[in-house]
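Please work from the sequences and hints to get the whole structure.
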Amino acid sequence: MERATLDLWVGLFVMAGIGAVLVLALKVGNLSTFSVGDSYAIYAHFDNVGGLKPRAPIKSAGVVVGRVADIQFDNERFTARVGMTMDNRYRFPRDTTASILTSGLLGEQYIGLDGGGDSVMLKEGETLKLTQSAVVLEKMISQFLYNKAAEGGPSK
Amino acid sequence: MFGRTTISVRGIGHHTVDAVWRLGYASRFLGLTLGHSGACLRRFRLVIREIYYAGVLSLIIILVSGLFVGMVLGFQGYHTLQTYGSESALGILVALSLVRELGPVISALLFASRAGSAMTAEIGLMKATEQLSAMEMMAVDPIARVIAPRFWAGVISMPLLAAMFSAMGVFGGYLVGVVLIGVDEGSFWSQMQAAVDVREDVLNGIIKSFVFGIAVTWIALFEGYDAPPTAEGVSGATTRTVVTSSLVILGLDFLLTAFMFRGV
Amino acid sequence: MASENLIEIRKVTFGYGRKPVLKDIEMKIPRGKVVSIMGISGSGKTTILRLVGGVLRAQRGEVIVDGKNIDELDRDGIYRLRRRMGMLFQFGALFTDLSVFDNVAFQLREHTDLPETMIRDLVYMKLHAVGLRGAHRLMPSELSGGMARRVALARAVALDPALIMYDEPFTGLDPISLGVIGNLIRKLNEALGATSIVVTHDVQETLGLVDYVYYLSEGVIVAEGTPDEMRENAEPLVRQFVYGEADGPVAFQYPAVEYGKDLRLH
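Here the protein sequences line up with chains A, W and H, keeping their order.
Quick note on numbering: the first sequence equals residues 1 to 156 in our numbering.
Quick note on numbering: the second sequence equals residues 1 to 264 in our numbering.
Quick note on numbering: the third sequence equals residues 1 to 266 in our numbering.
Hints are computed from structural coordinates only; laboratory data are not their basis.
All C-beta atoms, glycine included, are put in the ideal place defined by N, C-alpha and C.
Be aware that one or more of the hints could be misleading.
Stated by the list, open to error - Covered stretches of chain A, going by a simulated chain W footprint (3 or more residues, C-beta under 8 Å):
#1 5-11
#2 21-27
#3 133-145
As structure tokens, then:
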């Protein structure tokens with residue numbers, strides 16, 4: 001008698017524990033983007049990745065379509081090679097542009113994809129041709145000042 | 001003067017040798033426990049019984065603490081994030097701190113003081129009242145019959161408790177952040193889901209609590225088994241269980257964190 | 001195997017660390033008898049039980065149990081031998097997390113594959129023998145000292161052992177429980193055809209019960225004989241013990257400097 005109730009409690013306990021793990025996986029985390037089975041990998045070269053980090057989101061039209069898998073330095077082209085894990089449900093044309101963008105003024109950096117017009121879709125392991133590097137604040141400011149100086153020069 | 005220095009140096013040396021000795025004995029104890037686990041996993045009923053004592057009875061303290069820790073995180077996180085106008089990131093803050101750190105660590109500390117100390121006291125008392133010797137005389141190995149089922153019960157219970165703690169904490173953060181303060185519910189959940197990764201965060205948190213479970217249960221059982229068979233001996237061992245396992249949990253947490261989240 | 005002595009202890013010496021506990025002990029315990037080992041606290045009585053049970057190993061000499069030398073047995077051999085031994089510990093040592101029934105059933109469940117109905121019958125038989133069949137549902141914490149001792153006795157004889165060892169079975173019992181346990185020791189020994197060793201310092205109860213007595217003092221056997229011989233024994237150590245005299249060879253005073261010196265009379 002006493003044993004049966006004890007078993008019941010332990011059963012409930014284990015179920016609650018597994019339930020909590022499921023809640024953490026499905027409700028708190030996002031299980032679907034990272035299962036290996038339904039994803040494909042593509043690559044892109046950037047002159048400058050800025051503050052992009054592994055696991056940063058890849059968005060197209062604001063929707064998360066994948067995540068950055070790894071970032072490496074390509075010692076032959078002197079550029080950064082970014083590996084991306086893409087959700088299998090989303091396919092992009094071969095002339096898609098990848099740009100490194102920032103969410104908000106000081107937010108985290110992510111990769112934005114803009115689909116092109118090609119009829120051939122990207123396949124596993126292919127590399128994007130069109131990329132746009134991260135905006136580096138110092139470069140932008142110095143360029144701005146340089147332009148201002150160039151504008152103001154002749155008028156004086 | 002010189003004599004006293006010699007004595008204190010000798011004392012340090014003695015303590016060091018003693019500590020190394022105990023560590024070796026504890027390692028052999030763990031080895032024996034693992035070696036004798038086959039029989040108790042075949043008689044899983046013994047483990048189920050101990051899961052009741054280690055896990056189910058720790059449930060209340062774990063759930064209540066989780067809820068309160070989550071609610072405090074909700075308040076504190078909101079006030080800090082509000083300064084930067086990013087209170088929509090409250091979900092990220094609450095979930096990441098719980099899943100990666102607070103869930104495994106606090107639930108392990110609570111487990112050490114609730115279930116670990118109870119295990120030490122129970123084993124110590126069984127030793128003091130000659131129950132372990134009696135078992136030995138009945139040709140039943142106490143390590144296989146008493147220690148191993150408790151060990152596996154602790155190792156199984158700990159990750160489940162930590163997961164419940166984290167889930168409860170997230171719910172607490174939701175209560176304070178969304179229900180009480182009025183952060184937007186959609187951005188609370190969606191930002192959280194975008195930032196929390198199942199493998200990197202949730203799975204690593206579970207691995208952490210699994211490691212803590214092994215450490216706490218091992219320490220608790222060893223302290224009980226090694227306790228001097230007297231009332232003072234058992235009470236001293238119970239205190240040592242809580243102190244040692246708390247330190248070991250925090251130390252291990254540092255190592256595991258450095259190991260797991262280094263690249264991020 | 002056919003030896004008439006179940007246990008022979010030959011020239012056994014044993015010590016914890018450097019402190020010697022037993023010195024050159026010679027002992028023979030014949031089959032079917034109830035033999036008592038007596039002595040004051042710390043005289044090494046319990047150590048003998050531990051040597052016989054194979055918990056401790058003699059540093060010198062031999063312990064022969066049922067024709068087998070304990071020193072030469074491996075762990076499995078000792079465990080096999082122990083299944084034929086029952087031991088009653090000083091305060092019973094019942095498993096506090098198991099009920100009375102489960103305590104008595106413990107060895108049956110661990111060592112046999114008997115069906116649960118047969119285990120139930122056996123447990124009720126053992127509990128009936130100690131008069132506690134009605135208490136099978138209770139937990140050890142609900143038992144009085146005497147009842148706990150009786151349950152522990154039922155547990156010790158659960159596998160019908162050939163040798164029953166009693167470690168201070170009378171300590172802390174009221175006179176009625178004391179009489180009950182004393183009777184049971186004798187009755188069980190005869191009913192099971194077993195051999196019993198009773199380690200005790202409870203003189204009067206024991207002398208009326210046992211067949212033979214060894215008297216141990218500081219790790220040496222100073223006297224042995226039947227209970228009547230012990231009562232007549234002229235050895236001052238034994239006389240002091242048997243008649244409970246406060247002062248004698250075992251001094252009342254802890255060794256100290258001369259009394260007068262401490263009081264500064266000089």
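Verification of the supplied hints:
Remark: the segment 5-11 of chain A is confirmed as covered by chain W, as 4 of its residues place a Cβ nearer than 8 Å to a Cβ of that chain, reaching the required three. As drawn, the segment 21-27 of chain A meets chain W at 5 residues by the rule of a beta-carbon pair under 8 Å; at three or more, the given contact holds. Residue count for the segment 133-145 of chain A with a Cβ under 8 Å from a Cβ of chain W: 0. That is fewer than the three needed, and the coverage hint is violated.
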